Every structure is written in C-alpha cells, then in structure tokens.
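Protein chains: 2
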Amino acid sequence: METEHGAVETPMFMPVGTQGSVKAVEHRELLELGVQIILGNAYHLYLRPGMEVIREAGGLHRFVGWERPILTDSGGYQVFSLTDLRRIEDKGVTFRSHLDGSTHVFSPESVVTIQRELGADIMMVLDECTPYPCELDYAARSNALTLRWAERCKEAFEKDGPRYAHGQALFGIVQGSVYREVRERSAEALVKIGFDGYAVGGLAVGEPVETMYEISEVCDAVLPREKPRYLMGVGTPANLLESVERGMDLFDCVLPTRNGRNANVFTRSGGLNLRNAIYKADFAPVDPECSCYTCSNFTRAYLRHLFQAKEILALQLATIHNLAFYLWLMREMRKVILDGRFRAWKLEMLAKLSGGESMVQ
Amino acid sequence: METEHGAVETPMFMPVGTQGSVKAVEHRELLELGVQIILGNAYHLYLRPGMEVIREAGGLHRFVGWERPILTDSGGYQVFSLTDLRRIEDKGVTFRSHLDGSTHVFSPESVVTIQRELGADIMMVLDECTPYPCELDYAARSNALTLRWAERCKEAFEKDGPRYAHGQALFGIVQGSVYREVRERSAEALVKIGFDGYAVGGLAVGEPVETMYEISEVCDAVLPREKPRYLMGVGTPANLLESVERGMDLFDCVLPTRNGRNANVFTRSGGLNLRNAIYKADFAPVDPECSCYTCSNFTRAYLRHLFQAKEILALQLATIHNLAFYLWLMREMRKVILDGRFRAWKLEMLAKLSGGESMVQ
Chain A
0 METEHGAVET PMFMPVGTQG SVKAVEHREL LELGVQIILG NAYHLYLRPG
50 MEVIREAGGL HRFVGWERPI LTDSGGYQVF SLTDLRRIED KGVTFRSHLD
100 GSTHVFSPES VVTIQRELGA DIMMVLDECT PYPCELDYAA RSNALTLRWA
150 ERCKEAFEKD GPRYAHGQAL FGIVQGSVYR EVRERSAEAL VKIGFDGYAV
200 GGLAVGEPVE TMYEISEVCD AVLPREKPRY LMGVGTPANL LESVERGMDL
250 FDCVLPTRNG RNANVFTRSG GLNLRNAIYK ADFAPVDPEC SCYTCSNFTR
300 AYLRHLFQAK EILALQLATI HNLAFYLWLM REMRKVILDG RFRAWKLEML
350 AKLSGGESMV Q
Chain B
0 METEHGAVET PMFMPVGTQG SVKAVEHREL LELGVQIILG NAYHLYLRPG
50 MEVIREAGGL HRFVGWERPI LTDSGGYQVF SLTDLRRIED KGVTFRSHLD
100 GSTHVFSPES VVTIQRELGA DIMMVLDECT PYPCELDYAA RSNALTLRWA
150 ERCKEAFEKD GPRYAHGQAL FGIVQGSVYR EVRERSAEAL VKIGFDGYAV
200 GGLAVGEPVE TMYEISEVCD AVLPREKPRY LMGVGTPANL LESVERGMDL
250 FDCVLPTRNG RNANVFTRSG GLNLRNAIYK ADFAPVDPEC SCYTCSNFTR
300 AYLRHLFQAK EILALQLATI HNLAFYLWLM REMRKVILDG RFRAWKLEML
350 AKLSGGESMV Q
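As you go down the protein sequences, you meet chains A and B in turn.
If you count by numbering that gives the first Met the number 0, then the first sequence holds residues 0 to 360, one letter each, in order.
If you count by numbering that gives the first Met the number 0, then the second sequence holds residues 0 to 360, one letter each, in order.
Here chain A stands alone, though its shape is the one from the complex (with noise of 0.2 Å):
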C-alpha cells in the first residue's frame, strides 16, 4: 500500500497511538520494530490538544514528530464508546467531551475536515459501530445511516482537498452486525460510492469469534481485491492469522501495547504473565526465539521484578517485546504468503500459541 509518506507492507498491524503516542513507546523504537505505519484517534486528538494547535504545527506528523504513515480514526467510534451523552442524527452525532462536558457535534462533512487538518495518510468515513447484541432492524437502520454518512463524507473528501504537500486516502467501513445480507448490502454500497480501501467495522465487540471470521468471509466477497481492506480494532494473535487467511490486510489493536503495560507479554509458546512468581528467578528472556531490545537484554525475572515494583521501565520493555511479537508475526505472515506455505505454517502457529498461561484479550 502506498502513502507519500512511505510504502506500507500488508498483511500490516498498526500500532494504536491514541493521542499521539503509542504509550511507552519513543518514536525510534517504533522504527526499530518495523513499524510502518501509526494508527491516531481524531476524537482525543480534536478535543486535545485540539485543531488549533495541530494547524499550526502542520499536521499531526509534524505535530508528534512521526515521518512516516499515519491512519486517524474518524473520532465516532470514541464517541459511542467513551460519551455518555449523544443524539444520533443524519446530520450527525451530537456529544459532551468526556474531558470536560463540553457539548461538540461530529457531522460526515466535519471529520472530514478534522482528519485534512490532521493530515492523515488514511482517513475514515464517520459510522455507527453498532453494539454486541444487536437486532436486526437496528442493524439494518443503522447500517442505512452508515451508508447516507459515507456517501457524504466521499463528497467532502472530494470537495475539500488535502491541507498539507501530502496527498490523503478515504477508507469506507462495512458496518450491519452479525448479518450476512446486511453486511453484504453495506459492502456493495460502499464499492459503488468507490473508497481507496475499505474497513471492517462493528467485530471484535462481544460477538463469537467464530461469527467475526464468517463475517470476514462475507465481507472478503464482496470488496474489490486490489483495494486494502483494514480489521478495525483486532486482535489477538490466533484472530490476526485466521483474518488474514480470509483476505484481511490491516489491523489495529490495543492488545499488545495495553497486555504488555499489565505484565502480560505474547511468546511464540502462548502468553505469560510476568507477575506470576514462577517468574521470580527465570533468568531467561521473556520469549527465548525473539530478538527485539528486551528479549536481547533482560529476563522474566528483572521484569517480573520492575512489574512488583511499579518501575515505569517495565511498561517500557514489555511493550517492546509486544510489539515486536506483532510485527514479527505479520513479517512471517507475509513471508509464508509469498512462499505459499501460509495455510500450513498458520495452522503450525496456532497450535504453539494456544500454550501458555491465559491472556486477557
């Protein structure tokens, strides 16, 4: 996938830097990684440190001081998730900041506006990510909403050009639950507005895992296959190898960034919990087969030692390690792809990462 500010390998996982910053992480580091491309939230970053401020930096890369991609959410996923007061309309979502009450409207046209001002390489139509469970008539209505915003949001996209000396993507989102005609529908809709990539939205929110991967293959069906198509908000391990297999290029995630801060660290043997006190004098690294800073430098017991006594540095290196996990795991991915030995080598991983102690996902 291609942004003027660097090539994006897929199968790709985005790091989740909310308000700027993927949290624990220095920038260098992502870099050290592999990461190539930053996933920022538009909503926390509207309401802080606002627009103004961003304006004037020049963008929001300028802003964090990262060169290379970034994807901005369109901010409506927060607004459903982290407000409590919200009118849902066609014109669009009325709601208070959760940081202080302050009443804010987010219209197809405005986060339009909001992510060219930011200046993300990919921007996001405004949804509605509907809830787990959900009924069918909800489903469908919402999903029509959905369909309305994202028509308008590709006509500002197109009215409106880009603010800075980058050129920017519109990705539309694939909403209807759990069901497959209402998913089909918004698919094809959104494939006859015409979108540079097309995400998944409204899995990986309660559902069986099993009906996120059917929906995957309803969706996989339908969207173009020369366009990217982004798993929003997924996943674990075990949910990146199967999406993956069902024709799924983008991911983003808090799990390895939030796990890691909770002492839960991801091997290619299964997860850990470094709090455990089997850990106390395990003088090996964290995961024996991964080369990243922390697996080079320390053991489970040091950072099982740093979790008990709350030293920021353990935040620090079990999220490296995390990330590093992640990275390395759609590296392999797309090594087994172009190999063509991805459904064995899949099935091979799975196994060895369903070891270990249990993970909150």
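Calculated directly from the structure, the hints in this document are not laboratory data.
Among the clues, some could well be false.
Where chains are identical, the list cannot tell them apart; a pair therefore holds if satisfied intra-copy or between any two copies.
[Stated by the list, open to error] 30 Å max Cα-Cα, derived DSS-like pairs, lysine-lysine:
no.: 1; residue 1: Lys158; residue 2: Lys309
no.: 2; residue 1: Lys334; residue 2: Lys279
no.: 3; residue 1: Lys22; residue 2: Lys191
no.: 4; residue 1: Lys22; residue 2: Lys158
no.: 5; residue 1: Lys153; residue 2: Lys334
no.: 6; residue 1: Lys22; residue 2: Lys309
no.: 7; residue 1: Lys279; residue 2: Lys153
no.: 8; residue 1: Lys279; residue 2: Lys351
no.: 9; residue 1: Lys334; residue 2: Lys351
no.: 10; residue 1: Lys334; residue 2: Lys22
All values reported here derive from a predicted model rather than from experimental measurement.
Starting from the known structure of chain A, fit chain B onto it as the hints suggest.
Just chain B, lined up with the frame of chain A:
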C-alpha cells in the same frame, strides 16, 4: 576513578536507580547520554527482589543487565527516611519493612555482606544520617556511633572478599550535621581508618545552602586529595557547580529524574514547567542548545500535550532531557577544569541558570 566495570570520569553525576532501574529510562539510553555509573539502593533491593534472587542472578549487574559501574548505598538512609519503627543501637538498626511490616536488622557487618552480594563496584558504610535541625550534642553522639560503625564496616570488608569476578571499593561517610568541629573530627577519624573514597552525608536535608557549601569546604580541607569525594543526595545544577568548586567529585540526586516526571525540565537558561499553558503552541525544542533525543526530535508543545494527556512517553522524554542536561553540565565542568577556566565559566552558568521558572528543588 577506576573500577573493574570501567572508568568513571570526575566530576560525575550518578543517576538514581533505586530499584535497579533509572525511572523511565532504558539502559541503552543511559549509555547514549554518557552515564558512566548508576546508584542502586541496598534497602530497596534487599527487600525486593531480595538477596536470594540477586545471588542466583550472579549479582546486581547481571540481574539488571547493566555492565558499567554501580554504587550502592548501605540502606541506612532509607531505614531512617522510609520506616517509622526502628531502634538504633550499637549493634545496628532494627526496622520494619515499608512493604510488609516485617522486622529486619542492618548492622555494619550485614550491610557489607548485602553489598558484597549485590556486587556493587562502590559500597558505602552504614551511617546515621542526622536530620536538620539537629542539636550539637546529638550530632556528636550520632557521629561517634557512625565512626564505630565505619570501623566495623572496614573490618568486615577486609575479612570477607568479593563474591563475583570483580573487585569492590568501600567508601566512608562523613557526618556531623552543620557543626564544623564534628565534621572535622569525623573526616579525620575516617581518614585514619582508611577508605577507598569518602562521602559527605547528612547535607541537603534542609539546612541553608550556604551551610552546605561551608561544610563541604570543611570536609575538603581534611579529606585526601587523591581519593574521590562523593556529596550524597546533591543537587540542583547550581549546587553541583558550587560543590565541584569545593572539591566534590561525585553526586547523586533524584532531581533530574523526578522533576522530569513532573514536567519540570532544566535548560541552559533556567527551568521550564512544561504543563504551563504558554507552551501550548511553542514548537521550539525544550532546550534549543541541547542535542539529546528529546530536543532533537520533539517540541515543547508536543511534550506539553503528552503531559496533559498523561502519556508515559512524556515521562520518558522529559527524563531523557533532564539527564542529558545533568550529564552535559558535568562534562562541561570536566572540560573547563582542565582548561583552567572553571571559575569564570561557573559564574556565567550561574547567571544563565537563574533564568526560567521556579523549579522543585
């Protein structure tokens, strides 16, 4: 100053790595900043992870993965400042752990054993750090105890060799509160016992800064020129300039790290509080004359945003800069001392540093 983990140029500042981690900074970043020696706290490490784990790891260097020199304190200072239940007797000090309330005794002999097992390049004797203010009578009696303990530490040190494949040094600690005569007596007695280096303790505990400088001069006059002198727990940039002029060689202080975590940053023209609204759209580096990672890549506006958003990266970047500033200050001092222009440069620096906003001292 030579150690078997490498040389330490003096004057030098030692970042505080209380629990085996300099808060919010990776070891490779310490090296990048020019850190040559870090300080570990025996009290904290003795309680957690405990000596068994550290012995099994092969000492503190190996446990934490730091291959350059480490100085450990005796643990006495933390016993006096962190634990409320304690008994000071000739045999040692009885205290309750601030973690779980368990009872422990630190004796002159046991703190040597602990530091042997930690494998510190520089070990400190057990002393009583007198509070401020402190009556002459108490200071004199306390110092007599500190001297008896120093003698027993030296004996224990000579009887019981290093545990690992590197040599260790033992420093004595001058006490005596603000009383010139007690300080002189203390320094003379320690020199008679004979140590590899001498620390000046019990300062920067609330006394006027002029008193601190006066007592440093008193100690400087008695302590041998050819041995390193370590002024414990000091201090501000101005304190370092004045104390180096008074013959002090080594310093440790939580100021650069703790202030960094509180958004207080040091610059060549005084301190800044990055939470201040005036930095909202200030796209200059923290210190335009600094070449650290933070100043080379990020703006005050971005750091302010990270602090406002409570992002861990804020603590990392501010700490990196503050340590870079302290290490730069020491490097400059070494240079101007060799060039024979210390005094003029010091006056110039003091004038510059007095600008800026007021800092936590």
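Where does the structure disagree with the numbered hints, that is, which hint numbers, in rising order?
Checked against the structure, the hints that fail are numbers 1, 2, 3, 4, 5, 7, while the rest are satisfied.
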